[in-house]
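**Q** Those sequence lines, one after another, are chains A and B. So for the first sequence, the working numbering puts the first residue at 394; every next one is plus one. So for the second sequence, the working numbering puts the first residue at 75; every next one is plus one.
Hints are computed from structural coordinates only; laboratory data are not their basis. Small disclaimer: the values here were computed from a predicted structure and weren't measured. Don't be surprised by glycine CBs; every beta carbon is placed ideally from N, CA and C. Just so you know, not all the hints are guaranteed correct.
Stated by the list, open to error - Here are the computed distance ranges between Cβ atoms for each label pair:
1) B:T279 - A:P467: 37 to 47 angstroms
2) A:P467 - B:G108: 52 to 62 angstroms
3) B:I291 - A:I439: 27 to 37 angstroms
4) A:F605 - B:Q280: 34 to 44 angstroms
5) A:A474 - B:G337: 27 to 37 angstroms
6) A:A474 - B:G108: 54 to 64 angstroms
7) B:G147 - A:T602: 48 to 58 angstroms
Below are the chains, spelled out letter by letter.
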Amino acid sequence: MSAVTPDIIVDPNVAKATGLPVVRERAKITPRKRATKWAFSLLGLIVALIWAFPVYWMVLSAFTPNAQLRTTTPQFLPVHATWRNFEAIFQEGSFWPALRMSLAITGVTLVAVLLFAFLGALAISRFRFKGRKSFILAVLFIQMLPAEGLFIAQYRMLASTGMLNRVWGVSLFYTAAIIPFTIWMLRGFVAGVPAELEEAAMVDGLSRTRAFFKITLPLLMPGLIASGVFAFLQAWNEFTIALVALPANSANTLPLWLRTFMTASVARGVDWAQVMAASTLIAIPVIIFFLFVQGRMTSGLVSGAVKG
Amino acid sequence: MSTAAPPLTALEASRQPQPIRKRRRPIAPYLLIGAPIVVLLLGMGYPLFRQIVTSFQGFGLAQQFGADAEWVGLDNYVNVFTTPEALAVLWRSLAFMLVTSFLIVGIGLGIALLMRVVHGWVKVFLQVTLLLAWATPVIASVTVFRWLFDWNNGVVNWLLVRLGFDGMAGFAWFSTPFTFFVVAAVVIVWMGVPFVAMSLFAGLTQVPDEILEAARIDGASSTQILWRIIMPLVKPVLSIVLLLQFIWNLRVFAQIRLLQDGGAPVTDTNLLGNFIFQLGIGRQDFGGAAAVSLVVLLLTIVISAPYVRSIMKGDSK
Chain A
394 MSAVTPDIIV DPNVAKATGL PVVRERAKIT PRKRATKWAF SLLGLIVALI
444 WAFPVYWMVL SAFTPNAQLR TTTPQFLPVH ATWRNFEAIF QEGSFWPALR
494 MSLAITGVTL VAVLLFAFLG ALAISRFRFK GRKSFILAVL FIQMLPAEGL
544 FIAQYRMLAS TGMLNRVWGV SLFYTAAIIP FTIWMLRGFV AGVPAELEEA
594 AMVDGLSRTR AFFKITLPLL MPGLIASGVF AFLQAWNEFT IALVALPANS
644 ANTLPLWLRT FMTASVARGV DWAQVMAAST LIAIPVIIFF LFVQGRMTSG
694 LVSGAVKG
Chain B
75 MSTAAPPLTA LEASRQPQPI RKRRRPIAPY LLIGAPIVVL LLGMGYPLFR
125 QIVTSFQGFG LAQQFGADAE WVGLDNYVNV FTTPEALAVL WRSLAFMLVT
175 SFLIVGIGLG IALLMRVVHG WVKVFLQVTL LLAWATPVIA SVTVFRWLFD
225 WNNGVVNWLL VRLGFDGMAG FAWFSTPFTF FVVAAVVIVW MGVPFVAMSL
275 FAGLTQVPDE ILEAARIDGA SSTQILWRII MPLVKPVLSI VLLLQFIWNL
325 RVFAQIRLLQ DGGAPVTDTN LLGNFIFQLG IGRQDFGGAA AVSLVVLLLT
375 IVISAPYVRS IMKGDSK
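Sequences are here, hints too, so could you generate the full structure?
**A** Okay, here's the thing in C-alpha cells:
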C-alpha cells in the first residue's frame, strides 16, 4: 500500500455551483499519523480487555476447582480445567426446580406478551383513532416506570389473593411491564407491511383471516421473533419483582436461586467456583439470544434521535 | 404472473367511495387495544390505584395484628421529606444517579469516539466485548463483581497489592458505605457503558463523511472538527442516552440488594428502591413504602418527559 492515495473527491457544494467535479487529493498519511492511530488502537485494545475481563473471569472460574481459586495468586489461564463445578450444581437438588420455574414463567410471559403486544401494535400502526395518541403516550411512560415504584403494591395484591409463589401472578406483572416496549418495537414492523397488500389479497378472493395468516403474518415474523427474544430476556433476567412475588425458596426462579445458593454458603466461605459455574449457566442462553436482538433494541430506544 | 395485479387493485380499492377500512374504523382499533389495556390495568393500574390509596393510610403495630388501616392524610409524604433516614436515602439516590450517569455517558462517548480512529479489527474486538458485557444478566454481573472484589481471594485486592497498595490485602470493600458505592458504581458503569457507546457510535456514523472531508480541506484541526462539527451533530443522541441513564440509574434496586448480601451496612447503603423494600417488606409500613414509591414514580415521569416527547416527535414524522 502506498502512503499517498490520490482520490477523487467531489465537493457537493462546489459541484453544485460550478457543475464540474472538483478533484482533490486526500490528506497524506504521515508516519506521525500512523503512530497516533496505533496509539489509539492500543488504548482501544486495553479498554476492550477491561470490559471483557469480568466475563472471562466468570467463565474461567467456573471451570477451575475451588481449591485453586483459594490460592493467594490468581491463575489467569485455564490449567486445571474441570467440569466438576457444573456437575455439582446439576446434582444439587435446587437447580432443576428453579430452572423449571424460570421456564414456566418465561414461557407464559413470552406467549402473553407476543399476543397482547401484537394486538396493540396492530391498533396503533394500522388505525388512526381517537385516543391513539394518549395510548402511545401512556405506553411510552409506562415502559419507563421502575419495578421498585410498584412492587410493594403488587406484592400486597398477590398476598391478598393467595397468588404469592405462583407462576400466574408473576407472569401477569412481567407481561404488563414488558408489553409497552414490545408494542413500540412491533409498531415499526406492522407499519412496514402495507395494509394494501392484505386488501389486495382479499380482492383476489382470500378471506380477511386467511389474508392475514397467508400474507401479513409471515412478513411480520422477524419482528415477532425479535420481540419474543426481548420478552424472553426480560423475564429470564428479572430479579426485583420475583424477589417480592416469590418469597418461598421452593418457588425460586434462576436469579433468585443463584442468590439463595450464594448466601447459603457465605457462612462456610463462598464456593466461588460453583457460584461462577451457576452464573455462567444463567448467562450463556441470555448472551446468545441477546446478540440476535441487540440491534433492534438499540434502534427502538433511541429511534427519536437516530434516524436509520 | 399476477405480480402487477395487487398494486393495481389496491389503487382501485382506494378510489372506491366507501373503502372497507373506513367503515370498520370506529370499533376495530378499540377491540385491538382492549386486550393489552386490560393487562396493563390489572398488572399496573390496579396496584397503582391501591398504592395511591395506601399512601394516605397509616400502618402501625395495631394493623399488623389485623386492625384496619387508619387515614393519616399527608403524613407519609411529610415523613419522606422530613425524617433524616428518608432524606438521606433520597439525596444519596440522586447523587448516585448523577455520578453514575455522567460517568457512563462520558466513558461511553470516549469509547465511541475511540472506535472511529482505531484499526478495523480493534473496533470489531471492542464491539464484541461491549456486547458481551451488555448481554450479561444483572444477577451474573453483580455476582462476578462480588467475586472480583472479594476481600480474601478477589483479583482486585491482589492487583492493588501488586501495584504497591499493601494496605489493600484483605480489604473488605462492602463494609463501609463509601467503598460499597465505589464497587456499586463500577458494576453499574461496566454494565451501562456498552449501550451508550454503541448508540453514540451509531450516531457518529450518521455524521456524513463529506462534511468532515470538507472541514478538513478547509483547514480545520481534529479538535475543531470534534467540537464544532461532530459534537453538535450527535447532541440529540447524547441527550437521549443521558436521560435514559438518569432513569435507569435511579432504579438500581437489584444491583444494590445483591451487593448488600456481601455484608454491607444495609441502612447506610440503601437507595430509594431498597428503602421501599425495607419499609414495605421488612417493617410492614405499607403507607410509608407507598408514599416513597409514588415519589419515585413521579420523579421518573418528570425525568422521562423530554425523552417521551422526542420519541413522539419521531413517530409523527
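**Q** All hints, please: hold or fail.
**A** To see whether the hints hold, each was checked on the structure:
1. Evaluation of the 37 to 47 angstroms hint for T279 of chain B and P467 of chain A yields a pass: the beta carbon distance comes to about 39 angstroms.
2. Range check, P467 of chain A to G108 of chain B: about 58 angstroms between beta-carbon atoms, so the 52 to 62 angstroms window is met.
3. Distance hint check for I291 of chain B and I439 of chain A: the Cβ-Cβ separation is about 33 angstroms, which falls inside the suggested range of 27 to 37 angstroms.
4. For the pair F605 of chain A and Q280 of chain B, the beta carbons lie near 36 angstroms from each other, so the given range of 34 to 44 angstroms is met.
5. Look at A474 of chain A against G337 of chain B: about 31 angstroms separates their beta carbons, and that is inside 27 to 37 angstroms.
6. Separation of A474 of chain A from G108 of chain B is about 56 angstroms and conforms to the stated range, judged on CB atoms against 54 to 64 angstroms.
7. Under the hint 48 to 58 angstroms, the C-beta atoms of G147 of chain B and T602 of chain A, about 56 angstroms apart, fit the expected range.
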